[in-house]
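Engineer: Generate coordinates for the entire structure from the input sequences, incorporating the hints supplied.
Numbering that gives the first Met the number 0 puts the first residue of the sequence shown at 0, with every later residue one more than the last.
The list that follows gives simulated cross-link-like pairs (lysine-lysine, DSSO-like), each with its CA atoms no further than 30 Å apart:
{"no.": "1", "residue 1": "Lys82", "residue 2": "Lys67"}
{"no.": "2", "residue 1": "Lys103", "residue 2": "Lys82"}
{"no.": "3", "residue 1": "Lys110", "residue 2": "Lys120"}
{"no.": "4", "residue 1": "Lys103", "residue 2": "Lys120"}
{"no.": "5", "residue 1": "Lys67", "residue 2": "Lys86"}
{"no.": "6", "residue 1": "Lys76", "residue 2": "Lys86"}
{"no.": "7", "residue 1": "Lys86", "residue 2": "Lys103"}
Source of the hints: derived by calculation from the structure; they are not laboratory data.
Just so it is clear, the structure is predicted and the values come from calculations on it, not from any experiment.
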Amino acid sequence: MNVQVIADPVGRLVWISPPLPGARHDMGAAREHGIIDALAEHEIPAAADTACQGAGPTVAVPQRRRRKDPDTGRFQKLSRFQKDVNKAHARRRGPGERVNAELKNWRVLRKSRSSPNTADKLIAAVQTLMIASA
Numbered sequence: 000m001n002v003q004v005i006a007d008p009v010g011r012l013v014w015i016s017p018p019l020p021g022a023r024h025d026m027g028a029a030r031e032h033g034i035i036d037a038l039a040e041h042e043i044p045a046a047a048d049t050a051c052q053g054a055g056p057t058v059a060v061p062q063r064r065r066r067k068d069p070d071t072g073r074f075q076k077l078s079r080f081q082k083d084v085n086k087a088h089a090r091r092r093g094p095g096e097r098v099n100a101e102l103k104n105w106r107v108l109r110k111s112r113s114s115p116n117t118a119d120k121l122i123a124a125v126q127t128l129m130i131a132s133a
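Structural biologist: This is the structure in structure tokens:
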């Protein structure tokens with residue numbers, strides 16, 4: 000299953016999307032659920048991983064190694080500044096990643112082999128329990 004998670008800057012769960020098939024790319028899932036459009040429309044800054052590259056001006060993603068060195072055929076290393084930007088970005092994303100880790104601790108979700116169409120009630124129940132226990 001592919002579920003999208005929104006957490007606040009402190010690391011509390013705000014919302015879990017309905018599940019989609021696991022083969023769905025994260026960016027496609029975020030667009031399908033309207034997350035990208037909502038962030039842009041309301042100008043809400045967000046931190047995401049590299050899967051959301053090109054999501055718009057309000058979604059910050061880490062720097063990626065892009066250009067290959069024509070002599071060696073290897074990717075050029077990130078500059079010191081780019082590495083510092085990535086460290087700051089990782090610190091900003093940390094609380095949201097903790098929410099993802101907490102969600103993955105639910106054994107019922109790890110062991111679920113049901114269709115995403117029937118898992119939505121299970122996801123909603125886990126979301127309610129996580130928010131109630133926060």
